[in-house]
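Those protein sequence lines, which keep their order, are chains A and B.
When we follow this note's numbering, the leftmost residue of the first sequence carries the number 1, and every step to the right adds one.
When we follow this note's numbering, the leftmost residue of the second sequence carries the number 275, and every step to the right adds one.
Calculated directly from the structure, the hints in this document are not laboratory data.
Be a bit skeptical, because a hint or two may be false.
[Stated by the list, open to error] Incomplete in silico selection of chain A near chain B, CB under 8 Å:
hint : residue
1    : Leu-11
2    : Ser-15
3    : Leu-56
4    : Lys-64
5    : Thr-78
6    : Ile-138
7    : Pro-139
8    : Arg-141
9    : Arg-188
10   : Gly-195
11   : Ala-196
12   : Asp-265
Here the structure is a predicted model, which means the values were calculated and not measured.
Note that the Cβ used here is the ideal one computed from N, Cα and C, for glycine as well.
The chain contents come next:
Number of protein chains: 2
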Amino acid sequence: MVQRSVSHSDLVACSASEVRSAIRSGSYKGHTAGLAVGKLQCNLAILPEKYALDFLRFCQRNPKPCPIVGVGDSSDPTLPTLGHDIDIRTDVSKYRVFRNGTLSDEVTDISDVWTDDLVTVALGCSFTFENALLRTGIPVRHVEKGLNVPMFRSNIDLVPAGRFGGHMVVTMRPIPQAQVDQAREISRRFPQAHGAPIAVGDPAQIGIPDLARPDWGDAVEIKAGEVPVYWACGVTPQNVLLDAGLPICITHSPGHMLIADVAEDAETTILTRN
Amino acid sequence: MVQRSVSHSDLVACSASEVRSAIRSGSYKGHTAGLAVGKLQCNLAILPEKYALDFLRFCQRNPKPCPIVGVGDSSDPTLPTLGHDIDIRTDVSKYRVFRNGTLSDEVTDISDVWTDDLVTVALGCSFTFENALLRTGIPVRHVEKGLNVPMFRSNIDLVPAGRFGGHMVVTMRPIPQAQVDQAREISRRFPQAHGAPIAVGDPAQIGIPDLARPDWGDAVEIKAGEVPVYWACGVTPQNVLLDAGLPICITHSPGHMLIADVAEDAETTILTRN
């Protein structure tokens with residue numbers, strides 16, 4: 001079946017369900033930044049049930065990089081607490097399939113990869129607090145410039161669980177000195193989206209050698225009067241999953257998030273009750 | 275070994291670790307309200323690993339009655355993210371041991387009940403937001419009167435996971451009409467402690483027939499100008515565990531909570547990092 005392709009701008013005014021539908025049908029394969037504004041977007045981790053208890057323990061112990069916002073039943077591709085009609089096999093625009101800790105495929109549908117022992121874990125993402133910063137007039141440099149947020153390996157130890165552990169990945173956003181406290185206060189209100197910064201100022205204090213050379217994403221300018229502010233990053237659980245060398249695990253591709261029906265400022269990430 | 279007994283008032287000025295030490299040695303067997311002020315107190319659920327993944331999914335889907343604040347490794351009685359020296363077999367002043375859904379024993383030490391397949395789950399408790407209400411001058415009637423909070427079975431469906439499900443248990447506190455919004459705003463800041471109210475006003479809307487007849491705890495007076503306000507209650511997961519009829523599960527006894535070293539207003543409930 002040939003699908004008519006739709007563009008990012010075609011979808012800007014669409015609901016979360018409509019965007020998922022376009023992704024599900026194969027007519028949209030792009031990134032999700034700026035879509036379904038106000039709805040929670042999620043990092044994705046799908047792994048065998050055998051490892052799920054340890055992975056949930058790992059996330060519980062590292063809530064800032066790994067804020068759990070939804071967990072599927074074993075073998076069940078739906079996520080009813082995040083959206084009425086989500087099918088996680090088809091509703092993300094790009095997936096990465098890893099086997100034994102190595103990237104095996106990047107695909108737009110995992111229906112033929114899905115097996116009955118898989119468990120889906122959805123984790124909060126930084127779009128949520130970035131939107132809140134922007135709404136209050138705090139600049140977000142990489143958004144202004146149309147770049148990816150710069151991400152860095154830090155020396156901050158994660159609390160291990162089972163085979164999961166390692167170091168935290170952080171994002172950096174330059175914030176005007178006078179607005180750092182406000183940025184902290186605003187982002188702290190979103191524990192489902194990495195919460196308050198984990199460090200402010202000198203990158204060496206968290207083991208970052210050079211802010212001009214991010215490990216992922218794009219370097220951004222730090223202007224006079226601005227301070228580098230570091231938040232826990234959703235790439236952390238992805239790295240930890242890879243390092244664990246599971247026989248199979250599946251994540252979203254960067255920027256291609258799961259869009260939920262849950263409001264990003266809801267008290268809980270559970271759709272059916274507040 | 276004969277232990278010298280200490281009283282509640284002997285412990286009021288003690289640290290969380292000192293209170294746990296008195297409990298561990300057997301010299302204190304009482305309730306924990308008002309002890310280690312400012313530290314997180316926790317509901318306790320210990321269950322076989324076989325059921326732990328479903329129970330964690332259940333808690334994730336019902337975060338207001340079941341806010342997870344700590345999860346132990348399988349077979350490990352320590353909880354390093356909640357306290358440096360916690361041994362969950364000895365550090366709670368009274369436990370209830372259930373077998374096949376029936377109360378089997380109420381004991382002050384579970385060392386001889388502990389087995390290598392058990393997993394400890396610690397859940398937030400209402401002491402945290404009650405302390406915050408009291409600090410801002412919002413009255414908490416049952417505290418004023420030295421009573422237990424009134425608790426009621428509601429008709430609010432829980433989101434099921436595996437064999438875990440049922441209806442929410444709620445607490446009721448009469449709040450002056452003019453302070454209801456403030457009480458909501460304050461308690462919402464404590465997602466690790468049941469968060470904002472789940473209902474306000476008419477008890478019939480959530481299936482409570484008579485506020486004068488709580489299912490657990492003590493009835494309290496609702497004065498003129500006050501409104502009944504309902505919060506999700508930590509008895510919910512206990513009931514759900516009982517109904518699930520597990521071969522064994524262990525909870526704290528009401529009022530005899532696990533006291534953590536984590537500050538009750540910390541951003542996360544993880545001791546080793548913020």
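query: Can A:Ala-196 be said to touch chain B, with a Cβ gap under 8 Å?
result: Given a least distance of 6 Å, the restraint on A:Ala-196 holds.
field: Restraint check, 8 Å cut-off on beta carbons, for A:Leu-56 near chain B
entry: 5 Å, holds
query: Given A:Arg-141 as an interface hint, is the shortest Cβ-Cβ distance to chain B below 8 Å?
result: 25 Å, violated
message: Does the closest beta carbon of chain B sit nearer than 8 Å to the beta carbon of A:Asp-265?
response: 11 Å, violated
message: Restraint: A:Leu-11 near chain B, CB-CB cut 8 Å. Satisfied or not?
response: 29 Å, violated
- prompt: Does the CB of A:Gly-195 sit less than 8 Å away from some CB of chain B?
  reply: 6 Å, holds
- prompt: Can we keep the A:Arg-188 interface hint, with Cβ of chain B closer than 8 Å?
  reply: The hint holds - A:Arg-188 has a Cβ within 8 Å of chain B, the shortest such distance being about 6 Å.
message: The hint names A:Lys-64 as touching chain B; please verify it with the least Cβ-Cβ distance against 8 Å.
response: 7 Å, holds
Closest C-beta approach of A:Pro-139 to chain B relative to 8 Å, hint status: The hint is violated - A:Pro-139 has no Cβ within 8 Å of chain B, the shortest such distance being about 24 Å.
query: When the nearest CB of chain B is found for A:Ser-15, is that gap smaller than 8 Å?
result: Violated: closest Cβ of chain B sits about 23 Å from A:Ser-15, beyond 8 Å.
task: Mind checking the CB of A:Thr-78 against every CB in chain B and telling me if the closest is under 8 Å?
output: 13 Å, violated
- prompt: If you take the shortest Cβ to Cβ gap from A:Ile-138 to chain B, is it below 8 Å?
  reply: Where the cut-off is 8 Å and the nearest Cβ of chain B is about 19 Å from A:Ile-138, the hint is violated.
In summary, the numbered hints that this structure violates are 1, 2, 5, 6, 7, 8 and 12.
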